[in-house]
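Protein chains: 2
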Amino acid sequence: MSEFLEVPNFALQKGGMLPLARLAYRTLGTLNAARDNAVLVPSWYTGTDADSEFVFCGGGKRALDPGKHFIILTNLLGNGISSSPSNTPAPYDRGMFPNVTLYDNVVLQHKLVTGTFGITRLHLVTGWSMGACQTYQWASQYPDMVRAAAPIAGSARTASFNKIFLLSLRRALTLDPAFDEGFYARPPLAGLRAFAAIYAGWGVSEAFFRTKAYAAFGASTHEEFSQYFWEPFFQKCDANNLLSQLWTWEHGDISDTPAFKGDFEAALAAIKAKTIILPVDLDRYFPPVDSEYEARFMPNGECRTINSIWGHMAPFNPADAAIIDAALNELLG
Amino acid sequence: MSEFLEVPNFALQKGGMLPLARLAYRTLGTLNAARDNAVLVPSWYTGTDADSEFVFCGGGKRALDPGKHFIILTNLLGNGISSSPSNTPAPYDRGMFPNVTLYDNVVLQHKLVTGTFGITRLHLVTGWSMGACQTYQWASQYPDMVRAAAPIAGSARTASFNKIFLLSLRRALTLDPAFDEGFYARPPLAGLRAFAAIYAGWGVSEAFFRTKAYAAFGASTHEEFSQYFWEPFFQKCDANNLLSQLWTWEHGDISDTPAFKGDFEAALAAIKAKTIILPVDLDRYFPPVDSEYEARFMPNGECRTINSIWGHMAPFNPADAAIIDAALNELLG
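Residue numbers (this note's numbering), protein chains in the order written: chain A, 1164 to 1496; chain B, 1164 to 1496.
Possibly wrong hints are sitting among the right ones.
[Said to hold, decoys possible] Cβ-Cβ distance ranges computed for the label pairs, FRET-style: (1) 1346/A to 1259/B: 31 to 39 Å; (2) 1489/B to 1258/A: 53 to 61 Å; (3) 1344/B to 1398/A: 43 to 51 Å; (4) 1373/B to 1280/A: 36 to 44 Å; (5) 1460/A to 1164/B: 55 to 63 Å; (6) 1255/A to 1341/B: 27 to 35 Å.
Keep in mind the hints are simulated off the structure, nothing from the lab.
Since this is a predicted model, take the numbers as computed values, not measurements.
All C-beta atoms, glycine included, are put in the ideal place defined by N, C-alpha and C.
Using the sequences and the accompanying hints, generate a full structural model.
The following block contains the structure:
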């Protein structure tokens, strides 16, 4: 079950505010007396705290172990559990939900970590995809609070190639006349199906299709892979929530803060955490070349590329999850 | 100016017929007395005979030389010049235009080459993208008629990864309510813009964006690249024509013929032409790995991969066009 931190009159980085910002989270394990065993895991695009628990803590002995660590699983603003278009009262509901940044998300999470739990230093921050983007954001925004970091298949600044993917997703979804500028009477299903088909072509690699690895999802063709996996995946999501999180993703940039004023290399250099960056060689929108660039400017950063035909979806492949766990174990010490 | 071959009552491979199939083409140069200097260049997706002339014969000394060769530039069915949804009378107009295959296209081109020009053997067949797909189709469908072949950034059978890209394009375009099942009163512009944004993310490589190579199009951001190049590119196209050619592309498979009955390796093995396959390393939908597979089964096939951040669009980059011309010169002898 999720719990909530509520922050009234929460001013947003890019203008506007939320009269009552709600950050949903769940915790696993126990915070020790020294308060130094906390691991923070921010959620990915569409992901929830429950999803993070399943992917990072499920299936037997895992690196993130509630028997040892106090694991805080947070929900991204816009994901439908934290404050989102789908659950915020008028006049900030649906198509009128304000734009939130990764900076805003991390400010809220910081209030949770320090205010609610009295933690002054996180033992580890890790996350996948937009969870990785939040990991970079944490390490740069609060450098003294992050002992170690492991961004998995994400970036510190959203690349323009990634942005063209996001642009195509937004254009397709909002084309559906049922979308109605965010005030839909029923879900814009055709738009969500177009969204799913675009995602299917980016979420995994060319080799994943060529080797018919989609058989792991019970699919025997590319179209069945879209039908059996990607369509249900996105049809369960609220369209406005998808677009809200998409805006957040699109504007990811750790240097877009009052402290760094767009100086990306300086924002990377400010990161003190021992960091293992874990990109995937065949990730189509977070290519390792950008991770390597980031690592060059981070005093304690190392880029360790995972080779996997699962591409961006590598953490869902048990063999790749084991590689990720090995890196997390190294950082957990 | 295009000329036309008209074939009445043209039965189509996948059912239905065209009461008057029109194959548009233009020729450059002169057919010699031996009729052995003919080069056939089928068009690409959305491309025309004029586009082929510009790309393959423009800009000074090129491999395809009207001073030496009789160059036949054909137009794909559905491209708006050959029989297409946009120019065919009812009841086969617009959304009711029948599905045509690469096999159908090549049957028509064969009638032109043999019937109109009395050519029994083509000195070379070459083309880019869907023009490459037609090149494979020719070499397999009429193996004794193709002396040499150079498919550039295409495939003999459309891969499932490629098909998921095409599925996403179709879903986005047909979502536009203005599309109206193909009977639009005005162009479905929003649909075409979504189509353009999807294409922008596949047409060139990640490195093209990362290095801001889109500056070659006057663009300074990913969105400007979409606006300045891809949107005008597709907004000039008729939506039904785009979908017709897309269906043809999606169903590309040289073995889907009465002769080969789906035996892909046999269809490749039947190719007698000396062939240089020219894929591009960073082509997102026609990856070299498929070309290498094809070459293994072709008795006289060689795969020669071009390295270019222009990806699929390599022939539009002068440096890559020079590499292509060198291979064509080798084949022309």
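Between residue 1460/A and residue 1164/B, does the C-beta distance stay in 55 to 63 Å?
For residue 1460/A and residue 1164/B the Cβ distance comes to about 58 Å; the hint holds.
Outcome of range test on Cβ distance (residue 1346/A, residue 1259/B; 31 to 39 Å):
For residue 1346/A and residue 1259/B the Cβ distance comes to about 35 Å; the hint holds.
Can you let me know if the beta-carbon spacing of residue 1373/B and residue 1280/A is within 36 to 44 Å?
holds, 39 Å
Consistency of beta-carbon spacing, residue 1258/A to residue 1489/B, with hint 53 to 61 Å:
holds, 55 Å
Has the hinted range 43 to 51 Å been met by the Cβ atoms of residue 1344/B and residue 1398/A?
violated, 23 Å
Note whether the CB distance of residue 1255/A and residue 1341/B lies within 27 to 35 Å or breaks it.
holds, 31 Å
Hint 3 alone, counting from the list given before, is not met by this structure.
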